[in-house]
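First to last, the sequence lines map onto chains G and W. The numbering of the first sequence is our numbering, which starts it at 1 and goes up by one. The numbering of the second sequence is our numbering, which starts it at 1 and goes up by one.
Keep in mind the hints are simulated off the structure, nothing from the lab. From the three backbone atoms N, C-alpha and C, an ideal C-beta is built for every residue, glycine too. Do not rely on the hints blindly, as some may be mistaken.
Pulled a few chain G residues facing chain W out of the computed Cβ check, cut under 8 Å [as the list claims (entries may be wrong)]:
(1) Thr237
(2) Ala406
(3) Glu580
(4) Pro670
With beta-carbon atoms standing in for the labels, derived distance ranges [stated by the list, open to error]:
(5) W:Ser519 with G:Gly607: 31 to 41 Å
(6) G:Asp262 with W:Gln401: 39 to 49 Å
(7) G:Ser667 with W:Arg625: 39 to 49 Å
(8) W:Ala583 with G:Asn217: 30 to 40 Å
(9) W:His341 with G:Lys221: 32 to 42 Å
(10) W:Thr391 with G:Asp262: 52 to 62 Å
(11) G:Gly607 with W:Asp101: 44 to 54 Å
Next come the chains, spelled out residue by residue.
Number of protein chains: 2
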Amino acid sequence: MQKFINPASVALVGVPRKTGNGSFNNAETMLRYGYRGRIYPVNPHVGKICGLTAYAAMAELPEQADLAVISVGRDRVLPMLDDCIRSGIKRVIIITQGFADADAKGAELQKEIVKMARQNAVRIIGPNTMGVLNNFNRFTTSFVDADFPERFSPVSLIAQSGVIQVAAKNLAWNHWGKAIDIGNGCDIDFTDCLSYFAGDPETKIIVVHMEGMMRGNAFLKLAAEVTRQKPVIVFKTGRSRAGAKAALSHTGSLVGEDAVFDAAFRRAGIIRVRNASELKDAIHALMLMKEMKGRRLGILTVTGAGGIMGVDACEDYGLEVAALPNGLIKELEEGVPDWIHVTNPVDIWPIGMIGGRYRDVSRIALTELLKSPSVDGVLSIFPTTDSPLHTDLEMADMVAQARREAGSGKPLAIWPYVDVVSAIDRLEATEGVACFDTIEQAVFGLSVCYRYYRIRQRATPNPRSFDVDWPAIEPLLAEGRAQKLLTGDAALTLLSLFGIPAARGVTVTRREALLKAASALRFPLVLKLAGRAFLHKSEWDGVITGIKSGEELLQAFDTLVENVQRRNRDLAVDAVQLQEEAAGWELILGLKRDAQFGQVIACGLGGIYTEVFRDISRELVPIDRSMAFEMLASLKTYPLLTGARGKAGVDLDAVIDALERLSYLASKIPDIAELDINPLIASPTGCQAVDARILW
Amino acid sequence: MQKFINPASVALVGVPRKTGNGSFNNAETMLRYGYRGRIYPVNPHVGKICGLTAYAAMAELPEQADLAVISVGRDRVLPMLDDCIRSGIKRVIIITQGFADADAKGAELQKEIVKMARQNAVRIIGPNTMGVLNNFNRFTTSFVDADFPERFSPVSLIAQSGVIQVAAKNLAWNHWGKAIDIGNGCDIDFTDCLSYFAGDPETKIIVVHMEGMMRGNAFLKLAAEVTRQKPVIVFKTGRSRAGAKAALSHTGSLVGEDAVFDAAFRRAGIIRVRNASELKDAIHALMLMKEMKGRRLGILTVTGAGGIMGVDACEDYGLEVAALPNGLIKELEEGVPDWIHVTNPVDIWPIGMIGGRYRDVSRIALTELLKSPSVDGVLSIFPTTDSPLHTDLEMADMVAQARREAGSGKPLAIWPYVDVVSAIDRLEATEGVACFDTIEQAVFGLSVCYRYYRIRQRATPNPRSFDVDWPAIEPLLAEGRAQKLLTGDAALTLLSLFGIPAARGVTVTRREALLKAASALRFPLVLKLAGRAFLHKSEWDGVITGIKSGEELLQAFDTLVENVQRRNRDLAVDAVQLQEEAAGWELILGLKRDAQFGQVIACGLGGIYTEVFRDISRELVPIDRSMAFEMLASLKTYPLLTGARGKAGVDLDAVIDALERLSYLASKIPDIAELDINPLIASPTGCQAVDARILW
């Protein structure tokens, strides 16, 4: 990657003759940007471009350039690439659009590019890209002109679009240090770039703009390591297309595409942001404040109203308002009227105003908050102004002094209202201090620092293995793979072979056989439609519960037949499933294979409310015991599972065990497309799968 | 209010001797701000302040000032107020803190202020305020110095804190035109200020910062009228304290304080914002773009990535991506390579680049989108830059021309990335155009314009009256008021007297009377604990369902007694309630009296999931038929009520009728504190209240 990002010489293939206004000439933008390497324009129709000697073909260059940048019409890209390859170039950026981003012909051309590159060990960025940016070396391949930024950060960007580079003022905090637009990503992709920036000492934070994934598992595996060293922030767009795909199973529709990204990013320790504002604030927070080691926030404010906004924001972003240390309260209340009482938020306005010792009080309070073992981070709210009447409100020295006295590295987010840009710089000169435009952004920033601390602390998953009876499993697998489907008893049997308790039951094909089948079971019983025609049984009124006798069983069978006939005269009831009735909470457990990330395991609320509330947790396979527990604990219905309002809770250990075993099953049978256990009935004494289907 | 906001002369009582740095001298800030009226400092210890003659007492002023501003220690406020009153002053701002905002003594002092003011027909702003700001007249009573802003808008602020005035750069779009900090609001309150700004021609948008409400009903009634003329935006803080109060009933805990504010603001057509960023964007959008008459958005972009972000934002903020008009597609595709296909978002980059007619293509596309009857508003994404190489990217003329050609007033939100401040001004010079920092803010802004259109279009509620048998109701009411509580049959009877169907049942006090009572009812039956000791029956295992015979009934009674004894040996089962069992969906209906806004009606999902999912709609009483329908339709579980997966839906008309009748009940018995119908069982053939309790 060094030759892409830090080339000593660049050939610009297809650089336009025209320069100046409206020319989109990348030789010109490169020169204006201040690139200090050697630039070789390649254009057979002209002698000089921007004062640079132009060459008619790659072969005529005085040296073998580190990098070639191609920007010609799409039909001329292949010959030009060929020209580059023949002259020994190993790194090529293809700016041109109209490949896999456009139509079938473009996709074909792109395949051809990849083939040529592989055969010749040439690496490609693009096509359909703006290329790379390296502010450490004043290098850009952009065809849109931009001034070299006064400030930039050691933050590197991997994007699928040029706009994120160009619009850094809107989408980053300071300008990016380095950026790669992978465009269509035909060769160099997210994982290549991540790998490079992971080892790059000039990169402290990695930002990824992602529309779709490539090599998902490789990316996640690498990210899981990188995120222990550097924060990785992903701005994944195209959220709203989630769940648009039709799915056959419950789990299929509940595990939408976007929810899988959430689970995948969480697993790898990636911080996901939802939009540009969050992106900016997250970069700013992690760059300046780094980690926050707990969720307890101290709030220091000169305005009660601001304190209340801070408390609101804590609730929005999952932080807590810390309980104030006693010493601090006493020290501040000394010598002020007795009607002033200090709580958190610490409102120092009345204290500071009355005593005329506004800055002293601020310093004492801030120092104590930063020192206190019951505070993990501080939000501070005070005015900054250029007015000659308020130089006593200048707080940068106070902040620096409080930091020195406290001697702690805790993050301090400031809302310096009436923003004076120079004051912000002075404040941020103190380590661990960041200023934000609004209170909610400051608290969001702190919450990101807390999230990153948790990411660094996270345990490595330690999934269990289980002994299973493979000779018994194989024939069921063969049947499932052949039919692309297992339902009813067959599916339940497969689950029970992996140690997941399943309801005792039997499939019956004739009315006459019902009573005999029932004699081996215990009433009350449940009778269900079986077979491929009745995948969504509730749509057929296909389940009858509470059957207490043989007589009721025969009646129930007749009712099922009627229910089917009423909806479709031509459909016969070939088979029914007879089960012992289980009482308890209805859960749903499931699997879904994602094209990028492999098996995803899900669990949540079953029954009629499943689709309405979508109270579902999702994780990538494999999971361990504590992750299985977390999946349950993060459900809204978790309090009900543990017992509420006088009801006993369910046997959580049993459900956790079932989840671990399902995860093991998924890792051993990775070709399953979707699997539903719906419902898994959980009771105080255990759990059991009552119905299941598995799709290949 | 004119004399507060636009005084010809001001007396400053208690202005400090000290001027300059750190003095917080409001005479000095007033002069620096450029106030052109007459200023009379009142201070017995000094002859001149800032070159102004100081007076020893109010009586010595050369004229009767329009306004007095008091800022002395809290113990000296009353004498100073007395001084003002005796000199004939009718308008007083009390800056001083330490009244109802502080302690009991402060609250007493504040009461005294109010008494003196009422007796002498003097109006007060404060105490604990920064006072007023009027940029149209360069007037401020602030003791914090600020420069007169270069720009301000016809946006007026009513706040409970000075910070919102001072931090206008962070909390408003341009600076406020006028602002009133009501402080503790001991006299002049939200409603007074709203009334003034409603009639003020210099006010186009009214913004309210609110921590708590005063005169809630008067405010809402006025706001409901004002919002048809001018947008009213409320930034209500203190959200997180919602629901902190203990409540006896389900409805009590489900209708949290903050949810009541939501319902109240919605009723009055007020736009609520959650934080400072939303506040800023909402003001900006309404100021420049005004209304958007539908939710269909056209997106014009030079970057595919930006288009995707726009689509994400549409989903986040409730707008739709419009289907593109055919004519537009044809016109743009003409003369470009056949691999370019136009959809919405309209990505003009390849078309504009390839043809070299970037600005023309932009103008055609923008004009067509603005003209199209299938588009209600437009989001446009393009770069702005100062680079001399891209003067052809200057879009302000293009935008103005497109607007002229389209001849429509549709809102146009622009994300001009690589923000150049002067370019923003040029773009916003065209009517109906607003530029935002990010795509999501632009779409949020458009969604606010759509919301305001709906607010102006909203119907006036038209609640029904019902004939009820008051002679039968009175004794029940008397009983309820005496005992502060009605439960079981008594509560159900009261409901049924208002026409809300209630389950047939009977209360029985002895085991021996059960069978006789049952003979008048139809099996299956339900047996429940009755009486004040068992308000939360489920905590006592106090309900037994599915009783099919007399024998099972006696068994059930014994079980209930056991269930109680197991939990509390000393508690006797004095009475049980016997009901016919109803099958259907469990809903919860309820009332809660709010101290500010009166009766709130609620409905939602009943049963075990009530507290977990809180799928509840809330409205202020009274509601009409269409509002009752909307309450149901806005529930997440609404699709289940209308029938799903082969199940019949419930009789919605019956539930709507019950809601209308409950609203009527609430309006006729306004002293009810809380009322629960839990559950109301709804079935395809009707609905009925199965259990209820009413608290006074």
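Here is what the structure says about each hint:
1. A least Cβ separation of about 5 Å between Thr237 of chain G and chain W falls short of the 8 Å threshold, and the interface hint therefore holds.
2. The criterion of a C-beta within 8 Å of any C-beta in chain W is not met by Ala406 of chain G, whose closest approach is roughly 26 Å, and the hint is violated.
3. With its C-beta approaching chain W no nearer than about 19 Å, Glu580 of chain G sits outside the 8 Å limit, and its interface hint is violated.
4. Taken as an interface hint, Pro670 of chain G does not check out: its beta carbon lies about 31 Å from the nearest beta carbon of chain W, beyond 8 Å.
5. For the pair Ser519 of chain W and Gly607 of chain G, the supplied restraint of 31 to 41 Å holds, since their beta-carbon distance comes to about 36 Å.
6. Between Asp262 of chain G and Gln401 of chain W the beta carbons are some 44 Å apart, a value that agrees with the proposed interval 39 to 49 Å.
7. For the hinted restraint 39 to 49 Å between Ser667 of chain G and Arg625 of chain W, the CB-CB distance of approximately 56 Å leaves it violated.
8. In this structure the hint that Ala583 of chain W and Asn217 of chain G lie 30 to 40 Å apart at CB is violated, the actual value being about 50 Å.
9. His341 of chain W and Lys221 of chain G have their C-beta atoms about 37 Å apart, which keeps the hinted 32 to 42 Å range intact.
10. In this structure the hint that Thr391 of chain W and Asp262 of chain G lie 52 to 62 Å apart at CB is violated, the actual value being about 44 Å.
11. For Gly607 of chain G and Asp101 of chain W, the hinted distance range of 44 to 54 Å is satisfied, since their beta carbons lie about 51 Å from each other.
The structure does not agree with the numbered hints 2, 3, 4, 7, 8 and 10 stated previously, though it agrees with the rest.
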